[in-house]
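Trainee: The chain contents come next:
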Amino acid sequence: MLIEKLSNAFGVSGNEKEIRQIIKDEVTPLVDEVTTDSMGNLFALKKGGDNSLKVMLSAHIDEVGLFIDQVENNGFVRFKKIGGIDDRVLLSKKVYIGENKTPGVIGLKPVHLGGGRGVVVSDDMFIDIGASAKDDKLAKVGDTAVFATKFVQSGDILRGKAFDDRAGCAVLIELLKNTYPFTIVGVFTVQEELGLRGATIAAYNVNPGYAFTLEGTTAGDTPMKRDVSPSTNMGAGPAITVMDRSFISDRRLVKLLEDTAKRENIPYQFKRTITGGTDSGAIHLSRGGVPSVTVSVPVRYIHSPVGLMNINDLNNTISLVSKALQRIPKIKDMS
Amino acid sequence: MEIKELLKELTEAPGISGYEMDAGQIAMKHLKQYSDEVEIDKLGSVIALKRGDQTGEKRHSIMLAAHLDEIGLMVTKIEDGGFLRITSVGGIDVTILPGQAVTVLGKEAIKGVIGAKPPHLQEPGESGRIIQMEDLYIDTGRKKEELEDIVNVGTLVRIESEFTELSNGCVSSMAMDDRAGVAVLVETLRRLKERKHDWDVYAIATSQEEVSGLGARTTAFRLQPDIAIAIDVTFGDGPGISERKAYPLGKGPAIGLGPNFHPKITQRFRDLAGEYEIPHQIEADPYPGGTDAYSLQVSRAGIPTGLISIPLRNMHSTVETLKLDDIKRCAELLSIFIARLDSKFQEELKCL
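Here the protein sequences line up with chains A and B, keeping their order. Under our numbering, the very last position in the first sequence is 335; numbers go up by exactly one each time. Under our numbering, the very last position in the second sequence is 1352; numbers go up by exactly one each time.
FYI, nobody ran anything at the bench for these hints, they're computed from the structure. Please read these numbers as outputs of a predicted model, since none were measured by experiment. Among the hints, erroneous ones may be present.
If you want the ones that stay clear, here's a sample from chain B, every Cβ over 10 Å from chain A, calculated [claimed, not checked]:
1) Phe1083
2) Pro1259
3) Arg1313
4) Phe1345
Calculated cross-link-like contacts (lysine-lysine; reagent style DSSO-like; alpha-carbon spacing at most 30 Å) [to be verified]:
5) A:Lys134 x B:Lys1058
6) B:Lys1008 x A:Lys101
7) A:Lys332 x A:Lys177
8) B:Lys1251 x A:Lys101
9) A:Lys134 x B:Lys1107
10) A:Lys262 x A:Lys81
11) B:Lys1328 x A:Lys137
12) B:Lys1251 x A:Lys225
13) B:Lys1029 x A:Lys80
14) B:Lys1144 x A:Lys101
15) A:Lys150 x B:Lys1004
16) A:Lys225 x B:Lys1144
17) B:Lys1111 x A:Lys134
18) A:Lys137 x A:Lys150
19) B:Lys1107 x B:Lys1193
20) B:Lys1077 x A:Lys225
21) A:Lys5 x B:Lys1111
22) B:Lys1111 x B:Lys1058
23) B:Lys1077 x B:Lys1004
24) A:Lys225 x B:Lys1111
25) B:Lys1077 x A:Lys137
26) B:Lys1004 x A:Lys262
27) A:Lys140 x B:Lys1029
28) A:Lys101 x B:Lys1328
29) B:Lys1004 x A:Lys101
30) A:Lys177 x A:Lys24
31) A:Lys150 x B:Lys1193
32) B:Lys1029 x B:Lys1004
33) A:Lys150 x B:Lys1143
34) A:Lys140 x B:Lys1143
35) A:Lys81 x B:Lys1144
36) A:Lys137 x B:Lys1111
37) B:Lys1077 x A:Lys140
38) B:Lys1245 x A:Lys150
39) A:Lys5 x B:Lys1029
40) B:Lys1111 x A:Lys150
Don't be surprised by glycine CBs; every beta carbon is placed ideally from N, CA and C.
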């Protein structure tokens, strides 16, 4: 299963080699040309009828994780976080470190000895790899570490790590199987979690007429202390972003998606929080500006070791964007 | 079977206190290979008997107790959205729970996660506060109606943790406390096949240590051994842990010293470890409790009791970590101790 392969793959921001290679192998048979740039963005170009119009579809391949910044003489490994991770999800989790995928565990003080009485901050945490001395082959400064979470499916529910944004990557790969009446450039971007870095140069490079960012976004339909409108609901269809912290979606693209969903009877929802940013934030500012929109698969517990996603949301996101893209040429007639 | 594979099999089987059946079957399978009789008693303890060569009318016996049960979670409520509220079975540290993968052991096993709100949806200051048990929940992605046929109040939940081999002969998993001890039981009996011993040996994987010490208490009452040894885990070394309270991994099993243990048993372990050059440590603790030795010592009219522990990092977490060498050394020391048991030693135990 594609999403399984993508979810299990390694690719912490700044070190996306493994996931990039997996995606490259997937998309090469589907498109006309595959290229990369100096930061590691992967471009998959597929020609269509009208070569004067270019639409960029982007999904980021990087995931949140850990960055090794110290290995102590006694072999314990210290780290900094990459991306917005709550310190409280880290204790007692397993990780894999570096290219050799050295297994390690984030240790803690046992509850019998006074542990568990306050929030431990990540700067005070350590990874135990079993070593009793420094060994570069096992872990070294500059290595990244990912959560050791294996994908599982249980009915419609998928459980795994990095659905933000391997969900978007899965949608994008599926979209590249179709042909469209214009040129399409699928961009698998790097370093989104560090501030939309990859998308910034990718959008300049592609210079598209329109851009769609495909995401795995926060689903907030979980127990809350206060009654707040959930960000998105899992199982309720693709979430269209009208606005987030990084940009305001192009209103014509929002309308196109909404109209398409209604016409095709595809469930959809609007994202109801404006927190978080996506690659659209960088893309819409590129060159003279690019009309952009973000469409997301709702994912519960993003930026933690393990999230949940509904497979119907994934499939409906593919259908919605696919159908909407076919109607892009009509956008000129929209006000 | 290699100790590593044995330990993997033992830790992969669920055995939350009071519901030790799955782990009990695995323990029984392995104990059976090296014993004359094995049974699971009515309270969930696995009892293996390996007879010694003694010929006298009164048979002497030693009981080895390692607890079978592990800590876990239990469902207390199914919320309208299908979210499961939980409580702990045994001493669970709530700070390890957010973001954990779990298996709900209902009529069918269901995968879930203990939900952790992403930073994007948190209110200011929220990340500085511990999430208490009553605010945690399990999310299976299923609706309440779907769950009601499979899960009920009281359904147990196992925190998932894959057995992982680290570097340097270390391994990490859930439930090393005290499947490591159960592995010691199997390995000790295996070694006793090669070693002549007079006394009968009861190797017991005890139930419910984490909640009440039930298994050790009831089996000791029934079997009335002459000597009892508990095999458990103790605190391993690591950042932030005082050296006074920690027993480094790889430096051998820790021999219990203190009022809970018969001084001559403690001394015999030390002497034998010295004689056979087995690396070992001394765990001095004035306060009885925390292991099966607590109830063994005061069973019936009293049983001379000892304790040997495997140093373990991150106790009561999903990443309990130990060094395999320490298990082997523990089994070696125990098998020598058992092989050297005789009436002279028993006489010595009669007074302190």
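Trainee: All hints, please: hold or fail.
Mentor: Results for each hint:
1. Phe1083: With a cut-off of 10 Å, Phe1083 (chain B) comes too close to chain A, as the shortest Cβ separation is near 6 Å.
2. Pro1259: Since the minimum Cβ distance to chain A is about 19 Å, Pro1259 (chain B) lies beyond 10 Å and the statement holds.
3. Arg1313: The claim breaks: Arg1313 (chain B) does not keep its Cβ more than 10 Å from every Cβ of chain A (closest is about 6 Å).
4. Phe1345: Holds, because the least Cβ-Cβ distance between Phe1345 (chain B) and chain A comes to about 33 Å, which exceeds 10 Å.
5. A:Lys134 x B:Lys1058: violated (57 Å)
6. B:Lys1008 x A:Lys101: Holds. Lys1008 (chain B) to Lys101 (chain A) sits at ~20 Å (cutoff 30 Å).
7. A:Lys332 x A:Lys177: Given pair Lys332 (chain A), Lys177 (chain A) holds - Cα atoms ~25 Å apart, limit 30 Å.
8. B:Lys1251 x A:Lys101: holds (27 Å)
9. A:Lys134 x B:Lys1107: violated (47 Å)
10. A:Lys262 x A:Lys81: Outside the cut-off at roughly 41 Å; violated.
11. B:Lys1328 x A:Lys137: Holds: Lys1328 (chain B) and Lys137 (chain A) sit about 28 Å apart, inside 30 Å.
12. B:Lys1251 x A:Lys225: violated (48 Å)
13. B:Lys1029 x A:Lys80: Violated, because 45 Å separates the two Cα atoms, which is more than 30 Å.
14. B:Lys1144 x A:Lys101: violated (39 Å)
15. A:Lys150 x B:Lys1004: Roughly 22 Å separates the two Cα atoms, so the pair holds.
16. A:Lys225 x B:Lys1144: This hinted pair holds, its Cα atoms lying about 20 Å apart.
17. B:Lys1111 x A:Lys134: Distance ~37 Å between Lys1111 (chain B) and Lys134 (chain A) Cα, so the pair is violated.
18. A:Lys137 x A:Lys150: Holds - the C-alpha atoms of Lys150 (chain A) and Lys137 (chain A) are around 24 Å apart, at most 30 Å.
19. B:Lys1107 x B:Lys1193: The given pair, whose Cα atoms are some 41 Å apart, is violated under the 30 Å limit.
20. B:Lys1077 x A:Lys225: holds (17 Å)
21. A:Lys5 x B:Lys1111: Holds, at about 19 Å.
22. B:Lys1111 x B:Lys1058: violated (53 Å)
23. B:Lys1077 x B:Lys1004: violated (38 Å)
24. A:Lys225 x B:Lys1111: holds (25 Å)
25. B:Lys1077 x A:Lys137: Violated: Lys1077 (chain B) and Lys137 (chain A) sit about 48 Å apart, past 30 Å.
26. B:Lys1004 x A:Lys262: violated (57 Å)
27. A:Lys140 x B:Lys1029: Between Lys140 (chain A) and Lys1029 (chain B) the Cα gap is close to 42 Å, so the pair fails against 30 Å, i.e. violated.
28. A:Lys101 x B:Lys1328: holds (28 Å)
29. B:Lys1004 x A:Lys101: holds (20 Å)
30. A:Lys177 x A:Lys24: Satisfied, since the Cα-Cα distance of roughly 14 Å is no more than 30 Å.
31. A:Lys150 x B:Lys1193: Roughly 41 Å separates the two Cα atoms, so the pair is violated.
32. B:Lys1029 x B:Lys1004: Roughly 16 Å separates the two Cα atoms, so the pair holds.
33. A:Lys150 x B:Lys1143: Holds, because 24 Å separates the two Cα atoms, which is no more than 30 Å.
34. A:Lys140 x B:Lys1143: Violated, at about 45 Å.
35. A:Lys81 x B:Lys1144: Outside the cut-off at roughly 36 Å; violated.
36. A:Lys137 x B:Lys1111: violated (35 Å)
37. B:Lys1077 x A:Lys140: Since the Cα atoms of Lys1077 (chain B) and Lys140 (chain A) sit roughly 46 Å apart, the hinted pair is violated (cutoff 30 Å).
38. B:Lys1245 x A:Lys150: The given pair, whose Cα atoms are some 35 Å apart, is violated under the 30 Å limit.
39. A:Lys5 x B:Lys1029: violated (36 Å)
40. B:Lys1111 x A:Lys150: holds (12 Å)
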